[in-house]
Structure formats: C-alpha cells, structure tokens
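K.L.:
Below are the chains, spelled out letter by letter.
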Amino acid sequence: MPSIEAVQKDIIDEFEILGDDKESTIFYIMELGDKLPAFPEAEKTEENIIKGCQSKVWLTTDLRDGQVYFLADSNTDITKGLISLLIRVLSGRKAKEILDADLYFIEKIGMGNIIGSQRSNGLAAMIKQMKLFALAYQSKIDA
Amino acid sequence: MQDLADITDQKRKELDLAQIRRKFPVLDQKVNGKPLAYFDNAATTQKPDQVIEALKHYYENDNSNIHRGAHTLASRATERFEKTRNSLKSFINAPSAEEVIFTKGTTDSINLVASTFGKKFIKAGDEVIISTMEHHSNIVPWQMLCEENDAHLKIIPVSDSGELDLQAYKQLLSAKTRLVAVVHASNALGTINPVKTMIDLAHEQGAKFLVDGAQSAAHLNVDVQELDCDFFAFSAHKMYGPTGVGVLYGKRELLEWMPPYQGGGEMIHEVTFAKTTYNEIPYKFEAGTPNIADVIAFDAALAFINDLGKDAIRNQETKLLNHAFDSCAAIKGFVPVGTARDKVSVLSFTINNMHSFDVGMMLDASGIAVRTGHHCTQPLMNRFGIEGTVRASFAVYNTIEEIDRLYESLARIAKRKN
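Residue numbers (this note's numbering), protein chains in the order written: chain A, 1 to 143; chain B, 1001 to 1418.
Simulated from the structure, these hints should not be mistaken for laboratory data. Here a beta-carbon is modelled for each residue, glycine too, at the ideal position from N, C-alpha and C. Any given hint could turn out to be false.
So the derived label-pair ranges between C-beta atoms look like this [what the hints assert, rightly or not]:
hint	chain 1	residue 1	chain 2	residue 2	range
1	A	ASP102	B	LYS1332	43 to 49 Å
2	A	ALA124	B	ASN1382	26 to 32 Å
3	A	LYS108	B	LEU1166	20 to 26 Å
4	B	MET1144	A	ILE49	26 to 32 Å
5	B	ASN1382	A	GLY66	45 to 51 Å
Okay, chain B solo, but in the shape it has when bound (with noise of 0.2 Å):
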C-alpha cells in the first residue's frame, strides 16, 4: 500500500519545469535580443533531446529499409519501427497495433479515409458532415468527395463562444449521413468537443465517425475504445516528435473492407500482370518507403509524454491558458476569440484596430513567437466576422514568466492604437 501511495504522489507532484526545459535545446536562445518566448506550439511544439538523438542514433547505426532486408540492421530497423506502432497503440489505446497506420501527417490521413473510405462508402445523394471550425484539412477533402461523387456536405454551427450547437447537430444527422468528420480541439480557439456524445449520435443513425485529433493527442487522453470512433487522426510534429510522421486509427472491419490509398511497393501480396493482390493491414495503407527515421524517434516523443504523464501535462497548460486569459483580459482592445468552457491552451484573439499581422511582429520584436491570420480556418473566421486572429499555444514548457511577458508586450502594442 506505501508503494502505491508513493507512486500516486509521484504522479500528482509539480512538473519540474527547468528540467524539462533544459530537454530542449531550440528553448534556449535570444530572438531579437531577448530571450525567445516560443507560443506557437498549436502549430508545431518543440522537440526534446531524446527525439533529436534517437534520429541521429538511427542514421549513425540503423539506417536501413525495412521490412524486407535479410541482413541484420534491416531487421533491427524494423523492429524499431514497429516499436513506434506498438506504442502508439498503447498510446490511443487501439484494440491492435495493426489498426495504426503510419502516414505523412493529419491532413494525409484524413485524405487517406476521404480517398478510400469515401470513395467506395459515399455515393450520390449521401451526406457528410464537418462544422464550421474545421481546419482546411477536415474540409477540403469532403468538398472535393462531395463534388465528385454527388454527395452533400452538412455544417455543424458555432456558437458566440466557439462551442458547436449540438441541438443542431442532432438536426442535420439522418440516414442519409454517411460520415462526420469533426476536430477534437480547434487549432484556431482552442475548444475541446464533446465526440464522445457526437460519435454515439452518429452511430445511431449508422454513420461512421472521423476524429481529427492533430490538437488533442499532446493534450487530453485518447482511448479510442471508450470513444468509439472510426477514426482517428493525428501528427506526430505537433507532440513533440519529428516532422512528416502521421497517425491513421481505423477499425479493424472497416480498415479490412477499404480499399488500397496508393499503389506501389510494400502495400501488395502478388503482383502479375493479370492482377495484384493487396498486402494486409496495416501495410496495405503503407505504401512505399515509409519515413523510417521519423518514425522511430517519434517513439522517444512518446516517452517523453508518457514520462510526464498526459494530466500532468494538462494541469501545467491550464494553469498557463488561465494565467493568461486573466492577465490579457485586463488588457484595453484586448478581444478573446473563443472564450469555450473546455479549452486546450490556446489563447486566440484581436486588438481593436490592429491587424493581426501587424501585433505578431511587434511581439517577435520583443521574442515572442505567436502564429497570426485565419490559422487555415476561413470559414470560422468568416463566421466570427474576422480576418484572422492573434494564437498564443502553450506546451508544457512554457512558463508563467514567459506569459508575463507576453502581457507586457501585449499591453504596449494595444495601447498603441487603444
């Protein structure tokens, strides 16, 4: 019982902030003479020491293709490289490791699922549905399977404060739905959704339902059994890992029934001229080399968030959004954009007259990176009347110090035109 109470106060005490920060090399600079405050995180986080050195420890000792190689670095590459599948399976909590398919990035495996899924499942007459505060990722490729196979494409509104109405969600389902695709946490306000609840209204009426979780997977815990989705998406950048390594989750029975993404080698079982036949899952999706390296070090990205702990981290980026959001609030011609009960830390807003442009350029004076414009969101930003908007994201090691200073400088700039 001792033990167990010590494990439990382990898991419960104060990330120990200096420590992770000294895990980050790229943190440790001046920009424009003062030391860089880095907010842009929702965009792509940092990478810590492990991850660099695990890349560099693959290309100085395992470099290799994998999966066919008769020699031994082949296969130690390719353990490795499963190792990373396995992982992430514990990660998201898949039923099989089989049912994670490694792609390029978010936006490549929701494509993977418009092109496969969508083409055999969704004919003329069918209806998809997105909401409004889709990045254009989780809408461009419904549009362009929509136009080519006559179906139609159905928005979940948003409401003032950037939570969707799930009165009218209830509405736009129907047997006609034959799929809904919706962000687990806005890149552009920082919204947590309720998919829990939409996937079993989806589900109901027969639909199949897509979580695109680019801005949830660093953030909230991922079981994708207890949400029962059809599918999850995510990247690896966005936690901490390499760039050009993304997740497909799929259920088994569905991921079985689709049919090949790209053609080439790996993705086969036989190949004639007559006919080919396709290659299991996961590899029938995989197609090609696939970016060895990148995924291997995404591994020690995963460690490192398993070694915090997902609520940990959580705590310490609510903490940070808090501090904040009250701060900045005092602000005059400070404007929050998204202003949801539940949040990931993203702090999205306008100066009254001030382009967004404009104040990111004054705050990279002062070091401080922040991302600026309509964060690929148009429509959102059309529904909020706006042009684009200010997004501060905090990562776990980011500082109360490093948000004082960004209401600083934020309390300068505004008062230029306030």
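Isolated chain A (complex conformation) (with noise of 0.2 Å):
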C-alpha cells in the first residue's frame, strides 16, 4: 500500500490536470464518489451521520488486523466525492498514521475555492470524525 504522502502527491497530480475549470473538476469529484463501495442501507442511521455537515454524510468504521477501515455515504453526489478523497488517503491504515496524518492535499488542490466556505466546514469535520475514530483505536490499543 502506497504511504499517506504518495496517495496525496498523486490526488494532487490528478487534480493539477484539471486545471482552472470548475465543472470539469466537480463533475470529476463526483465521478469518484459514484466509484465508493456501496454502503449497508441499514447503517444509514441517526447515529451514523456526521454533525456540522450540510449534507447527510453517514461514516461507519472497523478495525482489521490493526488497521481502520472507513465505509461513508452521503446524499449529495459532491460530498459523496469529498469523501471519497479522505477515504482513498487514511482508509485501511494503523489508527496512529491517521492521528498523524497531515492532509495537505486538500488545500494543495484548492478545495475551499471549489467548495466554498459552508462545505470546507462540513469537510473538516468529516476529518475530524475519521481522528476521532482513530483516537478511539488507539487508546484501545494502547490500553
């Protein structure tokens, strides 16, 4: 599996092609989210969604042979994208390379001029969601 900065440097590769054009680069972001492994209709719950999104974003997680892998949905097409980004960076990783991961890629790519400032919100706290369960793990492990 390539490191967290290999998967970054390439997404920042990708992304450079695109170039200035807007709708190019949102119909490319939801082209990756129409790409996410499909996610259980039953795990769509209350619980399951993120807070402080503006869309409905649900992120479920489990631990296998020591690493954290992450399953999300969301009910806008871009933000499905969006996620999709964090997914393909931190999933299937140790709980400690996710607590220490530094996602540059995101302002590398200009996100928050594609976003705008209310989805920039939501994105980072689907991060923190994704540290959170990493802290989770961790303390567990550490225990």
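Both chains come to you apart, so use the hints to assemble them.
P.N.:
In structure tokens form, the structure reads like this:
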C-alpha cells in the first residue's frame, strides 16, 4: 500500500490536470464518489451521521488486523466525492498513521475555492470524525 | 388625443434591456470564468446604480438623525425619509402615509402583527388560518402566538399543481377565525394566490387578513384598498432596494387600536415614571433610530420600478419564465415543482436521481446563480415528498440568452444521471 504522502501526491497531480475549470473539477469529484463501495442502507442511521455537514454524510468504521477501515455515503454526489478522497488517503491504515496525517492535499488542490466556505466546514467535520475514530482505536490499543 | 396615444405607445413598448442592465454594475462580472447569470432574485434582487448612488449621497451629504434635530441636516434627512413613506403610500395605494410602517423586513412586519394585534385580539380557542405554502416567516410567528394564547393554527392544503384548495379554505373559515395570513406569491413555487377572493371570504366571517407580499410587491400591481387587506407586508431588498428595510401596511383603525411593538425612543408621546403615553401612528411602531439611509435609498428603487412600469416588468418576466419552462421541460429527468396557471417568475424543479445541492453547485461552476434547498418552506416540501428544489427566479434584467445558458448547462448536468 502506498504511503499517505504518495496518495496525496497522486491526488494533487490528478487535480492539476483538471486546471482551473471548475465544472470539470466538480464533475470529476462526483465521479470519484460514484466509485465508492456501496454503503449498506441499514447503516444509514441517525447515529452514523456526521454532525456539522450541510448534506447528510454517514460514516462507519471497523478495525481489521490492526488497520482502520472507513465506509461512507452521502445524499449529495459532491460530498460523496469529497469523502471518497479522504477514504482513499486514510482508509486501511494504522490508527496512529491516521492521527498523525497532515492532509495538505486539501489546500493544495484548492478545495476551499471549489466547494466554498460552508462545505469546507463540513469537510473539516468529516476529517475530525475520522480522526476521532482513530483516536478511539488507538486508546484501545494503548490500554 | 395625440399625446395620450403617444404615452400609451411608450408604455407598451418593449423594455430596453441593454439600458436596464447597464444600471446594475454587479451583473457585469465573470463567475468561475463565465459571465454571471443571476437567477436568485426571489432571495434578493440586485440594486440599480440609482439606489447605490442614493445611499452614497445620503452619507456624503445628509447623514443625521431624523424627526428631532433642530438643524438643517436633520430636517433634510427627515424630509427624505418621509418622502419614501409617501412614495410607498402611492406604490400600494394606501389611504394615508401614516398607515405605512417601516420595519426591518417582511419577517419583522409579520412578527409585529403577531406581537401586537395577535396578543391583544387572539384568545384561547380562537383560530388562525395559514396555508401549506407559507414561508417559515409566516408560520413560526403564528405557531408561537397560538401556543402562548392557546389558540389553534389551521392549514389550507395545496394541490399537486401548487395551488391553494379554496374549498378547503371555505370550510376552515368560521366564527372562530380571527386572522388569515397567506402569501400573495409563493417564494418556492411562484404560485399567485387569489388573495382578493380569500380576503372577502375572511371578512364575511369577521376575520382579519394579512398578505405576505414579499414575492409580489416587485412583480404585481398591489392596491391595498382594492384588495381590502388588513395588513400587507413586504421587503425592500426583493424589489431592487437595500437590505434591512421592510414595510407593514395596516388599516388605520387597527393600527391605532393595536398596542406598540417595542418600547424606546420615537414611539413615545410623553414618558414619566408613573405612565408613558404613546406616539401617533406610524411612529408608535417605529421605536429607536430607524434604518434611515436604506429607507431613503428605497425611494430610488421605487422610482426604478415606477419608471419601467409594473405591467412592462411583468410582461418581460413572464416571457422569461415561459421560455425557461418550455425549454427545460424537454430535458430528460427535469421535474417542475409548482405548475399553477398564475405564477410570478419562479422556476422550481428537481432533476431525477440528483440532489438539488449538486445541481446548484454545477450551475454555479457555469456562472449561473440559483437557490437550492427547502427555501424556508419545509412543510411545503414535505407536501410534495421532496427535500428541496432548485429554484431559478427571474427579474427584469434577466435575458433570454441567459435562460438558454441555464437550459444548456442543465441538459448537460441532468444527462449525468438520466
């Protein structure tokens, strides 16, 4: 599995190809969301909703062989695309790696300009939730 | 006779769109690399340069507190402030300028009525009638009042096409009805409600009637005497005027009988610690220093509308709406929400298999500004079983070319999932 660093570099390169064209960038983000693995309908519960997002985002996690895996879905395609980027970078890694991850790719690809300030807050809420899950696993491991 | 014919011709002639657009500096810009097409006019319209100039002129020349100052600037500011009130009297054909009260906006106007008329007049067991298509601003104040006074809120249902069920309305009306509060034109659907008929029916039962005119004042001819409404509420910023100014028209006898809204300066006649007597209308309802600059600039917005003429404005907007509806209806997956016969220029829709937020974001990427979501009408969205819509709302400065761009972008967006 490539490092967090390497995956972030890949994403930055991909977005560089798209350039300044906002429409193709948004279409691309939505396509990324389409490729996310199916999220079980039964897991779309109030409990799994991330607070602080304008649209609905469901996130579940599990720990297998010491790695944290994330599964997510959203009722809007753009949000689904955004969280697919986070999953691509963070899912399947050790809790400690997730906690230490510096997600500079978000700023590098100009996400703030693409999605605006309201959605940027939502994106921050998603990252916070993913890191909280990692923290919970890490404290279990440490205990 | 010759002169009269000329004037009529003049009124009938097509609006000079290029000239109108030049008055709106904000329209001349690129958004995301594309020329801006501003279709969020039901949320707020853009402002012509004469409104912007009036604001600037006031602060550069006349700035002063009104109604009490003993100096020239104060009397100049007062005169101009009261001039807007007089213009509004003509604009809605109120019997007198004293029946025109300045507020912060439509929401504030409705809350004023709920807090004064409502508290004094609506008692336990009484009923207030609103409709399913009300904006939250014309729901929540009445809910709060009914809860506090043990009164009941009754709701007029809406048909599949987005029209009020008048038969149901007649059945809801009774001797218990104290007030009916209904929107003149729906912000989410565009439906124009037959308020004149509804007002007459309410009066037969002795009930008073408030018209929420937020979406009608800039688009339809409003004559409060002909309507015979008891209250009419609207906002300046949805009619080419500044934000932060609203109007409440009320019938004199009601306004005089109603208790004041807020306590403070301006609204008093005499204050002693034993007893305070209140000022005459309209000042009784205008406590504190009002939004002087914006009220003054509002007059320039009224002049803008009057110069074009409401009929010509409506004509242009209807042309835009029909063109938008006819072209977009051909898009696979396009579902219009609100297909009433009589509409202001609001095109509300969903795209199959797509969330309205996504559609809005993609349109924005093409420089097209729309509103998405529930439009502060959640009960109405529930009625249609949807979370929200995409809403394109047109103003007099919009063009057929802009609508063609909306169609082209939407066709491309809808194709993704249809």
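K.L.:
Are the hints correct? Go through all of them and say.
P.N.:
For each hint, the structure was consulted:
A hinted range of 43 to 49 Å for the beta carbons of ASP102/A and LYS1332/B is consistent with their spacing of about 44 Å. Checked against the hint of 26 to 32 Å, the pair ALA124/A and ASN1382/B passes, with Cβ atoms roughly 31 Å apart. Between LYS108/A and LEU1166/B the CB atoms are about 59 Å apart, so this pair departs from the stated range of 20 to 26 Å. In this structure the supplied range 26 to 32 Å holds for MET1144/B paired with ILE49/A, their Cβ-Cβ distance being about 29 Å.
In this structure the supplied range 45 to 51 Å holds for ASN1382/B paired with GLY66/A, their Cβ-Cβ distance being about 46 Å.
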